[in-house]
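What follows is each chain in one-letter form.
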Amino acid sequence: MGAGEMRRTQVTVQDFIRAQLINKRCWTDHSDMADAARLQATFRVRFSNNGKFALEPELREPAREPINDPPMQVFIQHARTALQKCNNLGWQLPPEYFKLEPAPYWIDLVFVPKIGAR
Amino acid sequence: MTARKTLIALKNGKDPMRQFKSFVIAIAAIMGMITPAAAQLRVTVVGEEYVPMRIAVPDFEADGAGAAEIAAQLSDVLRKDLASSAVFELVDKAAFIERDLSFDMAPRYPDWQVAGVAAQALIVGNVIINPANNNMTVQFRLYNVFGQTQQFARQYTVATPLNWRRLAHRVADDIFTQLTGDAGYFDSRMVFVSKTPGEDPVRGRLAIMDQDGANAEFLLAGFTSVINPRFSPTDQRILYGAYVPDPKYPGATLLRTYLYDIETGRQEVLAEGPNSMDYSARFSPDGRSIALSRAVGGNSDIYVIELARRTQRRLTNDAAIDTSPSFSPDGKMIVFVSDRGLGPQLYIMREDGAQMNCPKGGRDTTCRITFDSGRFTDPVWSPRGDWIAFSRQGDGKFSIGVIRTDGSGMRILTDGYQDESPTWSPNGRVIAFERTASRGAGPKLWSVDLTGRNLRRMPTPRDATNPTWGPLLKVEAAQQ
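Residue numbers (the working numbering), protein chains in the order written: chain F, 1 to 118; chain R, 1001 to 1480.
Each hint can be trusted.
Label-pair ranges, simulated between beta-carbon atoms:
id, chain 1, residue 1, chain 2, residue 2, range
1, R, Gly1341, F, Glu61, 43 to 51 Å
2, R, Gly1297, F, Gln73, 50 to 58 Å
3, F, Glu58, R, Gly1341, 48 to 56 Å
Quick caveat, the hints were computed from the structure, so don't treat them as lab data.
Every residue gets a Cβ at the ideal spot worked out from N, C-alpha and C, and that includes glycine.
If we strip away everything but chain F, and leave its shape as in the complex, we get (with noise of 0.2 Å):
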């Protein structure tokens, strides 16, 4: 695949999955929220070709779960159940993500909520 031809799959996939966690209602605003703007978690996912994750999706940041931080520890629990939810309903992944290379291929998604989007 040509360096072209990647950039445009990645910006498909890009689009595909946020679509999925959006439109499928699986990640809502957070924005009421304490301290909103501050929040923000990342999952490590990679997805086989039955439409479902291969492994279960790794926290990335925080590495760890913040024992003294109840907003974050929800917020992180919310993403989690988002990728859970949207797993369940199945992942619709275009048929290039399984071309893209080096495979097998990693994705961080970053949750955030509106009033923190930069």
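Following the hints, put chain R in place on chain F, whose structure we already have.
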């Protein structure tokens, strides 16, 4: 690894365990089971639309004489609490598939995941009345349906089943905390001034109710012209002003500020100078001090009074009218209203009166944070500390709004003929206020959440003004 291979490895100067680990890692990497240091693609997902979380709350199970009726009532109050927040959307009971839930068994998660139910959270509970001593125990479990796990469980025991309503609120608060990360606000009360339609607008009696409107009753039978009650953020005391006969001038009235303990009924005159009038009193976050406006010779300034010793400090000294002080939750800052800048605007200052860096630049003992054509009144610092609620009069309307403490991010949450007197819920997510819908209409209490969603009328027996939201009530139940 065989003994022979281990021996060969040792002879070659290599640690066999290290080699073995490297081998496993290499295989796992080949199979794609270990995540790399960096992903190939990064996708930012912004929550665009606010969607309430779907939650299923079947009636709690019951065990013991009279438990079934209480379980049904408690479940109903719990559902109403959660639904009233608009953070949650209740799953219709008619949609439930699993109807033989047991408190001691995990639910059948797929039954709660299917389309039509689609619950994200499920609450299963149990009410037990002990026939030996009439104690009541309420147990509940909160399940994460998509994660297929029990997220939280708790039980409360109280001496009498009469406390079932408070336990319902307490369970709702626990669930709210688990699912939002914020403290709840359901087990709290609100004091307000109750008005009888058609009566002299000056007349009003202090009243109290649960935050959901239940258990409304009058306080202080003798006082009929009460204004500006303010709940302590730490206990069940309130400050309020009352017009009473002036002993010096027969037929005239005098405004006094009182401190009243709802639990003990004890009350005392808080402040009364010979040639001054105190008003707009509000507690500090620890309940040990109050800030108020003191008018002397037609000029009002802000004072702080320490309650135990009644020591007083004057914080402002300006020819303008300085009024309506409200503390930040850490007690270090005060927001107040002053007309020193042509029309009432919001200002902040340090509680010790020292100079500070102003958000718009420069250093001063007071800093203006609103620069707007409207007239600002009733500022209240959020218990979270991040926002200040206010009333704003402008463009022919009275509105409730919020602004960040540095003066940025002003948002108008409501517009009405007359919306005023905001008060924060103890968790800083909801604002209650007084609304007069039109000329001649009676004032009612309403609430709106911090984002401007969920505008709701709060039920009161009569007309009502000046709401003040109390802290979460203390847990009297044994909790496990």
